[in-house]
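K.L.:
Build the full structure now, drawing on both the sequences and the hints.
If you read the sequence shown in the working numbering, its first letter stands for residue 627, the second for the next number, and so on.
Keep in mind the hints are simulated off the structure, nothing from the lab.
One or more of the hints may lead you astray.
Stated by the list, open to error - With a Cα cut of at most 25 Å, we get these calculated DMTMM-like pairs of lysine to aspartate or glutamate:
no.	residue 1	residue 2
1	K675	E712
2	K760	D665
3	K675	D705
Claimed, not checked - Derived CB-CB ranges, DEER-like:
no.	residue 1	residue 2	range
4	Q723	L672	43 to 51 Å
5	E690	P722	16 to 24 Å
6	I699	T739	45 to 53 Å
7	F657	T724	34 to 42 Å
8	P720	S674	33 to 41 Å
9	E690	K760	20 to 28 Å
10	I630	E669	20 to 28 Å
All figures in this text were calculated on a predicted structure; none of them were measured in a lab.
We put the CB at the ideal spot given by N, CA and C, even for glycine.
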Amino acid sequence: MADIHVEEFYKDAAIALVQLYGAFPRRINVFVEDIAGPDEPDEFGLHSKRHMACFGALLWLAEEGLIRYVDTIRQEALDQAVLTREAFIRLSSPAPQTLVHALGQLQAGSSDTLPPSVQEDLSTHIHLIRTALKSGHSGRISQAMQATFFADRPVH
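P.N.:
Right, here's the structure in full:
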């Protein structure tokens with residue numbers, strides 16, 4: 627079992643990537659509160675560790691070249707964020723079939739009944755992430771995010 631902060635990181639990153647993919651190529655504001663839930667700063671104006679961990683996950687995604695943004699809005703949000711080319715290609719690309727089947731995306735025999743274009747859509751990294759988030763199962767979210775992070779980098 628992974629450390630709880632790593633599982634929260636995977637979930638935060640997954641939610642942010644799904645939001646940005648859904649808006650692509652538009653730039654949007656990504657609010658920490660929409661990902662990690664409401665947070666009330668303490669009497670000194672400091673956010674909770676959970677809030678700051680989520681904010682840190684967003685910054686990490688940018689540092690690793692998966693998202694770009696114009697500025698931060700205090701420690702509340704990323705202003706005008708968008709997926710990078712690399713992230714868009716990675717999220718749109720097919721995930722390994724073993725993982726697709728392991729996470730229950732394609733049921734046995736369904737490949738015979740679904741059109742190839744639908745099969746392709748159901749096997750992308752973004753679909754795996756969305757499905758894992760819907761399940762709410764932290765292990766599935768972690769698996770989907772690890773597969774996305776460790777996928778072969780696109781050729782430039």
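K.L.:
State for each hint whether it applies.
P.N.:
Consistency of the hints with the structure:
1. K675 with E712: This hinted pair is violated, its Cα atoms lying about 30 Å apart.
2. K760 with D665: Satisfied, since the Cα-Cα distance of roughly 23 Å is no more than 25 Å.
3. K675 with D705: holds, 21 Å
4. Q723 with L672: 43 to 51 Å: holds, 46 Å
5. E690 with P722: 16 to 24 Å: Holds, since E690 and P722 (Cβ atoms, about 21 Å apart) stay within the stated range.
6. I699 with T739: 45 to 53 Å: Hint holds: Cβ distance 47 Å, inside 45 to 53 Å.
7. F657 with T724: 34 to 42 Å: holds, 35 Å
8. P720 with S674: 33 to 41 Å: holds, 38 Å
9. E690 with K760: 20 to 28 Å: holds, 25 Å
10. I630 with E669: 20 to 28 Å: Holds: the Cβ-Cβ distance is about 26 Å, inside 20 to 28 Å.
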